[in-house]
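Enquirer: Note that the protein sequences, when read in sequence, are chains U, W and Z.
Numbering follows numbering that gives the first Met the number 0, in which position 4 of the first sequence is assigned residue number 3; successive positions increment by one, without gaps.
Numbering follows numbering that gives the first Met the number 0, in which position 349 of the second sequence is assigned residue number 348; successive positions increment by one, without gaps.
Numbering follows numbering that gives the first Met the number 0, in which position 359 of the third sequence is assigned residue number 358; successive positions increment by one, without gaps.
It should be emphasised that the hints constitute simulated quantities derived from the structure, not laboratory data.
Just to be clear, a hint being listed does not mean it is correct.
To be verified - Below, in silico cross-link-like pairs of lysine-lysine (DSSO-like), each with a Cα-Cα straight-line distance of 30 angstroms or less:
#: 1; chain 1: W; residue 1: K338; chain 2: W; residue 2: K253
#: 2; chain 1: Z; residue 1: K274; chain 2: W; residue 2: K331
#: 3; chain 1: W; residue 1: K215; chain 2: U; residue 2: K179
#: 4; chain 1: W; residue 1: K371; chain 2: Z; residue 2: K380
#: 5; chain 1: W; residue 1: K109; chain 2: U; residue 2: K314
#: 6; chain 1: W; residue 1: K331; chain 2: U; residue 2: K179
#: 7; chain 1: U; residue 1: K257; chain 2: W; residue 2: K371
#: 8; chain 1: Z; residue 1: K323; chain 2: W; residue 2: K297
#: 9; chain 1: U; residue 1: K314; chain 2: W; residue 2: K371
#: 10; chain 1: Z; residue 1: K274; chain 2: W; residue 2: K267
#: 11; chain 1: U; residue 1: K206; chain 2: W; residue 2: K267
#: 12; chain 1: U; residue 1: K179; chain 2: U; residue 2: K313
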Amino acid sequence: MFATFFHRAVLTAISLLFGCTGEIITEKSGNLNLGVPGVMCVGGISGFTGAFLYEFFWSTPETANWFLAIMIPLIFCLLGSLIMGLIYSFLTTTLRANQNVTGLALTILGAGLSDFLGGYLVKQTNSGGAFVSISLSSKYYMATLPFANDLGWFGEMFLSYGFLAYVAIIIAVIAAIFLKRTRTGLNLRAVGENPATADANGINVIKYKYFATCIGCMISGLGGLFYVMNKASGVWSSDNLEPLGWLAVALVIFTVWKPNLAIPGAIIFGGLSILSYHISANNAISLPLEAKPLLEMTPYIVTVVVLIFNSLRKKRESQPPEALGLAYFREDR
Amino acid sequence: MEKIPAVRFEHITKAFGSKVVANKDVTMDIEKGEIMALLGENGSGKTTLMNMLSGIYRQDEGQIYINGEEVHINSPKDAYDLGVGMIHQHFKLVDLFNAAENIALGMDKKVTGNAKKIEKDVREICDRYGFELDLKKKVYNMSVSEKQVLEIVKTLYRGASILILDEPTAVLTPQETDKLFSVLRNMKADGKSIIIITHKLNEVLAISDRVAILRKGEYIDTVLTKEASVQSLTDMMVGAKVELDIERPDVKHKTRRLSINHLTILDKYGVKVIDDVSLDAYSGEILGIAGISGSGQKQLLEAVAGLQPAEKDSSIKYIDPETREESQLIGKSVSEIKKLGVSLAFVPEDRLGMGLVGNMDMTDNMMLRSYKNGHNIFTDRKTPHDLAEKVKEELEVVTPGISTPVRKLSGGNVQKVLVGREIATEPTVMMAAYAVRGLDINTSYTIYRLLNEQKKKGVAVIYVGEDLDVLLALCDRIAVLCGGRLNGILDGRTATKEEVGYLMTKLIDYGQEAETYDYHEEA
Amino acid sequence: MTIMKKHKSERDPLFHVVRRTDISFGKAMLIRVLAVLAALVLCGIIIVLITGENPFEMYKYMFDGSFKTPRKFWAMLQDLALLLCVALALTPAFKMRFWNIGGEGQVLMGGLGALITMKLLGDDGAHLPHAVILPLTILAAIVFGAIWGVIPAIFKAFWNTNETLFTLMMNYIAIQIVLYFQFIWSGGSNTIPIVNAGRETSTYAGWLRLPAEIDPSFTGSTVVPSSSGFLLNIIIVAVLTVAVFFYLRNSKQGYEISVVGESENTARYIGINVKKVIIRTMIISGILCGIAGLLIVAGTDHTIDTNSARGYGFTAILVSWLAKFNPFYMILTSFLIVFLQKGSIELASKTNNIINSNFAEVLIAIIIFFIIGCEFFINYKIMFNPRKKRKEAEA
């Protein structure tokens, strides 16, 4: 019972975790990328496109193999997200454009592009259907760990996910260690706190901003891929990805810019967002329909409370990076 | 015998925008193992020149040589790699990090080793030169001098052999300054080349081997410190001895206008920046405020203007010229003070960041003082427009037009706009902070003339200045602040530069009565 | 201990960038126009690559989307008015450098306020007459919008809470609140029926509309009683555009907004109460968003769902920013965006859905990228480093 709930929560949480970890790394460089929802959409649709091309054009059921079925969508997803990161970095870092405007435009681009491509691909199959499924790739993406079905609740809670779920957790842990313990992480945090100081200390601010944003976008994009492959089982629908992206932005605040806290945070947010569905699906209590939005609202309310709490407390360590949202130009005085 | 200099600038030129030339064809040397003072007034291009050596700016023209080789310094990293380290006036530290993290920042781990290794190496540097530094302390918990120590240690740790210090003593107490100087001497003995940017002559004479002088972006000369005197350096700094021919009309009808009593102000860290200051300002006089920068001048003026909260028992009373009614200004906001009928003009130090809005044009800037007039919900644009025209006309503001954003004007014209607007409010008290900083001689004289006109009208003028010659030529009385305390008030007509300088630097003991020159009210 | 490495940069970089202080208005506009043209060319190339058809033909189809028939034209104007209204709402906050990206939520809440009033006091509830309900509807929309706007402002003013993130979160809270009402008032279908237009009791109470006889936007059948024209919406927004323009440019409050936005230090220096200005301005921003919600619910849809704000809360940020916060320029920028949206729908039907209507968002994003990118060339100058200049001069 709880194990099933936990399992479902994690399926949503992993997308959030990818999105959040990527955005934390981006924001630590001082770039407030409000394009994350768009990046996740693009990550999802480019992975989907890769799988689609492989499944319907580049292979036959006889020649298809698991390695390419996994790698092609993965590479497409990373490339698509990377391009989004490059657009954002070029505009905000090189051309010093306003970060909010650029980010929102990026979200519009990502959501539009994924809707457009999604519709376009359906047309290409000539099946006349309203949706198209990439069952081959998603099958491999959804492959669980061994013993997932044999170990009862333990298997269901911890082993019953595709490999990307474990990748997400590993990335979050690595990101936490990277930010806290490594010299590069220290330098990155300095760029987000005080770019002029970082610059004066010989850190290449522009390079750091580019790398952090692009790598961050690639990680966020994986959240879209996970959603398509695992949560949606290979059926494209873009409706839920954009809200998920915004929830990931909220999660960044909720976790006070700490990727290690993002792991439990994502599971809490994931749990809250599926709680009403879970309760009504299991008929444990007959939950009125209108309780659903009230429950789904809670992650945002909690985030606002955290935001307010941190600004009231004024603790230096739990504030957003000092230079978040500001363009940097060395010769500005 | 030809020695290879540590640093050689050749024909360096740097301009900001099309109007401001910060450095013009500068050619000069810095020797190995010497302390060189780079002397010049505010705005003479000292910091800009050094920023090109440290990779913050790029020169428009000219070459830099280090140890005889031409170098291209495109970033601070390049500068570090060449052994150049600069301690900026505004420290380049990340507040959120502790000392050790700040030291490690931007360095390759292969070079520095792990945290333990860093700590050991830093300890070694501290012991060698006599620094005290807590490596675990967060920068936001540090005092200014601790931050400075951290900056210097950081720079040394990076193997700097050429150190640049930008106005290092501006924020230090005399004791801290002494300590800094002894450390600098240790470093020199160790073979480092040190450049100290300053405009304080006594420090130049105390610490440096040679002095290079810049004036208005141009290189004037380099002299040996032991052959220089305050007089000779001043002459070079200000150019051909300018006979300050400032008018000083006699004070008439001295009536008390402002009465400041036991004013105490704490900064955000709880340190007293103004400490029990009592001072009166009279109508028809110019009261000068002297002191090294950061002695509390800013807070004093802001407290009068209603921008600075004060501790209890502090009192600033305004005495109405007509009714002789007294009103307390402490605890009142700017608009409340205005409502009391107190007409206060204030020319703040930060002209474009506080006194004016850089992106607005002259009309809109004139409106800052008058926009609330009238009961209409709309602003009256006609009056400020006319005022802008008048100010432009009368003060000869050079601008493409009154609808040009004021940030595009030169410093002198910006100041004319600001002073013109403040005078137009027909004040009864006028305060001006560093009103001629960075201005050319002609504009400076215009400002002096305007202040004198106000004085003759019976306005109580308070003038905060840094140039002692001007203070002595312009002001009727000079109050000297030191470390937030009032060290004395001198008669501007009889005081000497030495007297003022002495009071500026030498804190008198508590309990000892400051020597004050005061007026008796004339009815 | 010395840490010295071999110095790497052996030569000057090719160019460096300096801030421009003097660029003529004409030159700046030229750069912007060139950017839009470049964007259109790029969009054309993309369209050709996808469809293989003549791009000029495609642009003509796009033009048809807004202008082919009077009905399309009025629909375009109506959308333009709504988008413009939200942009007008956000602009005072932006001028104050307060990043209100919560327009979507404020519009939704305003609309919800209107709907609740219409529903509770109209045919389904108290059966009050139209003349009573309409003012209350307007009031409710304004109050709801203002409350949603002022909450982040209070926290910003007193505790400096990050307003970008706060207003963003408020959007999703508003969306869920609307969803809640969708559930309780839909009778299970998730769609709230058109209010006060039931078959027996069509009072249209709280509807914001002009009589069909004087509203030319009732194209075709003017006899369908529940249809509603757009003219009143358009007139209201036109009035608001002028009002916001003069409010920002000529009123004392507008002046205070500019000063606070440019420099809080200067604002304090001349005695502006910065906290008060932040809160007051966000109330105004929220009120205008509430009016946008009113126009959507009482003036257009007569119902509400989570998409009622049409994403305009976000799009309007771009409209306002691209117009440099000038209400009159915003007419142009919101036209640009609505034109692209309408054009893409037309394009979709003309290309048999090879290009679907979502393509508009891609076009909009590309054009925005070019426009925000070109600002760089207006604000900065690239200086190529003279390497041989000096020698040439000497020779």
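Enquirer: Take the hints in turn and mark each one as holding or not.
Expert: Hints, verified against the model:
no., hint, in the structure
1, W:K338 <-> W:K253, "25 angstroms, holds"
2, Z:K274 <-> W:K331, "16 angstroms, holds"
3, W:K215 <-> U:K179, "47 angstroms, violated"
4, W:K371 <-> Z:K380, "39 angstroms, violated"
5, W:K109 <-> U:K314, "33 angstroms, violated"
6, W:K331 <-> U:K179, "47 angstroms, violated"
7, U:K257 <-> W:K371, "48 angstroms, violated"
8, Z:K323 <-> W:K297, "36 angstroms, violated"
9, U:K314 <-> W:K371, "39 angstroms, violated"
10, Z:K274 <-> W:K267, "20 angstroms, holds"
11, U:K206 <-> W:K267, "36 angstroms, violated"
12, U:K179 <-> U:K313, "21 angstroms, holds"
Of the numbered hints stated above, those contradicted by the structure are hints 3, 4, 5, 6, 7, 8, 9, 11, listed in ascending order.
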